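Participant: Here are the chains, one letter per residue:
2 protein chains.
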Amino acid sequence: MVKVRDLLERIANAMIDEERKHTIEEFVHKKNWQALREELSEWPLPEIADLLLELDKADRVLVFRMLPRRISGDVFSYMESEHRKGLLKDLTDEETRHLLASLTPDDRTNLFEELPGQVTQHLLNFLSPEDLRESRQLLGYPEESVGRLMTPDYVAVRPEWTVHEALEHIRLKGKRSETINVIYVTDQSWKLLDALELQKFILARPDDTIDQIMDDNFVSLSAFEDREKAVFAMQKYDLFALPVVDTDGVLIGMVTIDDVFDVAQKEATEDFHKGAAVAPLKTSYREASVWSLYRKRVGWLMTLVVVNLASSGVIAAYEDMLSAAIALAFFIPLLIDSGGNAGAQSATLMVRALATGDIKLNQWYKTISKEMKVGIAIGLTMALGSLLLGYFRGGFEIGLIVGITMVTLVIVANIIGTILPFLLVRIRVDPAVASGPLITSIIDAVGLLIYFSIAAMVLGQVG
Amino acid sequence: MVKVRDLLERIANAMIDEERKHTIEEFVHKKNWQALREELSEWPLPEIADLLLELDKADRVLVFRMLPRRISGDVFSYMESEHRKGLLKDLTDEETRHLLASLTPDDRTNLFEELPGQVTQHLLNFLSPEDLRESRQLLGYPEESVGRLMTPDYVAVRPEWTVHEALEHIRLKGKRSETINVIYVTDQSWKLLDALELQKFILARPDDTIDQIMDDNFVSLSAFEDREKAVFAMQKYDLFALPVVDTDGVLIGMVTIDDVFDVAQKEATEDFHKGAAVAPLKTSYREASVWSLYRKRVGWLMTLVVVNLASSGVIAAYEDMLSAAIALAFFIPLLIDSGGNAGAQSATLMVRALATGDIKLNQWYKTISKEMKVGIAIGLTMALGSLLLGYFRGGFEIGLIVGITMVTLVIVANIIGTILPFLLVRIRVDPAVASGPLITSIIDAVGLLIYFSIAAMVLGQVG
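First to last, the sequence lines map onto chains R and D.
Per the UniProt record's numbering, residue 1 is the first one in the first sequence, and the count goes up by one each step.
Per the UniProt record's numbering, residue 1 is the first one in the second sequence, and the count goes up by one each step.
The set of hints was computed from the structure by calculation and includes no laboratory data.
Some clues are possibly wrong.
Which copy? The list can't say, so a pair holds if one copy fits it or any two copies do.
To be verified - With a straight-line Cα cutoff of 25 Å, these simulated DSS-like cross-link-like pairs (lysine-lysine) come out:
1. Lys89 - Lys373
2. Lys30 - Lys373
3. Lys85 - Lys360
4. Lys173 - Lys200
5. Lys173 - Lys282
6. Lys191 - Lys360
7. Lys85 - Lys366
8. Lys200 - Lys89
9. Lys21 - Lys266
10. Lys266 - Lys360
11. Lys31 - Lys370
12. Lys236 - Lys296
13. Lys200 - Lys175
14. Lys30 - Lys360
15. Lys85 - Lys266
16. Lys370 - Lys200
17. Lys366 - Lys57
18. Lys282 - Lys373
19. Lys191 - Lys373
20. Lys370 - Lys30
On a predicted model such as this, the values are computed, not experimentally measured, just so you know.
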């Protein structure tokens, strides 16, 4: 229910944008730059970025050039990667130089990450020596690491300063920093001693020393850690920014919650895709080409075909029995689907609970026994339903076979669905791949084996 | 790959906790309260909450009582819902009164939300008249609305004040506010005029008026809007806090990013579960009982059994043909699984892209034509593989049937997987339910129909 209203609203919003877009286009075509500037000055930056995406390519460059220099970097960062690349091509060298200089260090890393290597090399030439050194260093951290999200522009103060002195320093340095909501306390060698929210400085007495308002209570990250670590820490500690330190505890930068929030959403999307046997896309769906979508999907599908051959093999092995009792075939989709669905439920519950830290790896035993119980309850319920169905379609024997298969299969599927994610983590594969098609395909083969074994027993015995 | 390292680390962390836990338990058993207080004073609050969960019930209350009053409310809020309920039962009336008073308004709403109605009614008696009025008002907003996330404790200033005056006011009121990272500007009737980050006040000259540092550029939410709206706005505008206004634009509270971040994770978990045919759990997996897991899962499974009856019906309709060419049965799992997998891929890509706003509802035409192309490419690749498999297992005719079915089915599955989420939104159902078992079950029936129709044509014609 939740998303529907929102989606409808977004369409409505899209229409309002249409109107605003026409206003802007008119200004551009009449070359009324003054009116254009005034109109845009009241817009939030992400909306200017949205507008740019909607304009013709020629108008887009014109409007972008009109933007006050102080906001053009931010607007650029709010644009989508594909459009950023396009815009960069249309800018002069001088404009490119200014644009790059106005980006924050983390946005610059983000831009370089998504451009092809030689374009990045070319752009690095436009940077000032200081920015170049900084960008080289940030790009040196592993992909998807905390370092890649980090900005080195923070404000740090010393414990022996007074609050008044610290505020003076914050005023001086704060303009260059991405945020001064959190201020760091370091010693002379830049070793991190504490992280304090700006409000502490405001609420303290001006002649208190920093030492006095410190709480010696902070959480920091290493630049080499996975960026998911930042997501966990931000969520657990409810922080707006996290300091990043090197192995000696020296402060080298900070990560802000807006970037971490984006990472969390991207990681969730990746998990959704992996769960549906789609390799991570790297770009948004809208930007993905047909060819890249093909490549991200076909590999898993072909792999699953191989898994499905096991199912074909099982049916082939029981060919004679199936010919003799063709009614058995009627229930193949029902049984393997129900098993697959139950397995997918368990696997998805596990995968998500592991990903959010809701259950820990060492709780596998407790979890399996819980899922066993759930499986038995669900299996018995489903067996009752399918026993009746089987009876009406194929008589008493078939009903018995279908019922017994259902309860056995649902319990087995639950167990496989629970264990598989834990096993994958053990062998260092992301468990997210377990939640959908993979588990379904495995359970299909297992299910058919159970079905025909039970059929052989019942038909052999009763028949 | 991402999560593995992290999961292993979490086990390591769990072991360290074990050691710390023993230290604490020793202090408790030796009644060494002084040492206990000192030890805990250095811990981040979420870790104290974690510790409490690990302790015996008796020790838990003892340690909780030892906590300085100023942090006990926050520690309580970091605990899991089940444990909060347990702890509440063990506190005296006086302790309950103090605890409730020390909670922030949004945490208090959150607590009341998850308690049974009569417990909440009982607890409301312990509130001061002001807190009671506030809680009644917050609980009056719809479930999952912005109002339920909101705190009325913000700091607002007037445009005619100087920065110096404003900072004085912030110092005075800031202690009670959840955050002063964002300060609101209102007129005399509390109509919201602007939202300014605290850093603007610090970086401005003390005798500037607020009017001068205002940028008239802010985004606000209505208390009745869905909480997902807050997630979208925070992500789009990179904000730390969002003001909440009533229909006249009067400021009534604010929503902070930490709460919104939690909502985003919860909504993603809900979508994962829905995608696997699990009804939203309301609690974490760890806290969910066997009975509640059973209820959340069995409904969808039984519904899908009904959908699967269509598949049984199709096979039954082609019983004679199947008996005559039993090799056709070998390929049933392979074909319906491949179709289901391809459909699940498309559906998941759609569902997630719609949920994150990556594609909009009015882009359905463009999206379907893109998915068609991807479907044709994947279908042809898969057909080639399965044609060969069919040929080796069942001869030329079977190979032909399997190959043609595969390409047709994959294309059809892609189209159904793309359209279904859009359709569900239209009829106001959350599209997340489309991504897994539902789409698989639908495609199974469609796939069998395609398979047997093609088989009938080929076998009728060639044979």
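Participant: Determine for every hint whether it applies to the structure shown.
Facilitator: Checked hints:
1. Lys89 - Lys373: Answer is neither: 61 Å inside a copy and 29 Å across each miss the 25 Å cutoff.
2. Lys30 - Lys373: neither (72 Å within a copy, 41 Å between copies)
3. Lys85 - Lys360: So Lys85 and Lys360 pass the 25 Å test across copies only (22 Å; inside, 42 Å).
4. Lys173 - Lys200: both (18 Å within a copy, 13 Å between copies)
5. Lys173 - Lys282: For Lys173 and Lys282, neither the intra-copy (36 Å) nor the inter-copy (46 Å) Cα distance is at most 25 Å.
6. Lys191 - Lys360: neither (33 Å within a copy, 48 Å between copies)
7. Lys85 - Lys366: between (51 Å within a copy, 22 Å between copies)
8. Lys200 - Lys89: Neither way: Lys200 and Lys89 sit 46 Å apart in one copy and 35 Å across, limit 25 Å.
9. Lys21 - Lys266: neither (29 Å within a copy, 35 Å between copies)
10. Lys266 - Lys360: both (22 Å within a copy, 18 Å between copies)
11. Lys31 - Lys370: neither (69 Å within a copy, 37 Å between copies)
12. Lys236 - Lys296: neither (33 Å within a copy, 27 Å between copies)
13. Lys200 - Lys175: both (19 Å within a copy, 9 Å between copies)
14. Lys30 - Lys360: neither (63 Å within a copy, 31 Å between copies)
15. Lys85 - Lys266: within (20 Å within a copy, 34 Å between copies)
16. Lys370 - Lys200: neither (47 Å within a copy, 53 Å between copies)
17. Lys366 - Lys57: between (58 Å within a copy, 20 Å between copies)
18. Lys282 - Lys373: Classified as between: cross-chain Cα gap 20 Å, same-chain 40 Å, threshold 25 Å.
19. Lys191 - Lys373: Close neither inside one copy (52 Å) nor across copies (56 Å); limit 25 Å.
20. Lys370 - Lys30: neither (70 Å within a copy, 37 Å between copies)
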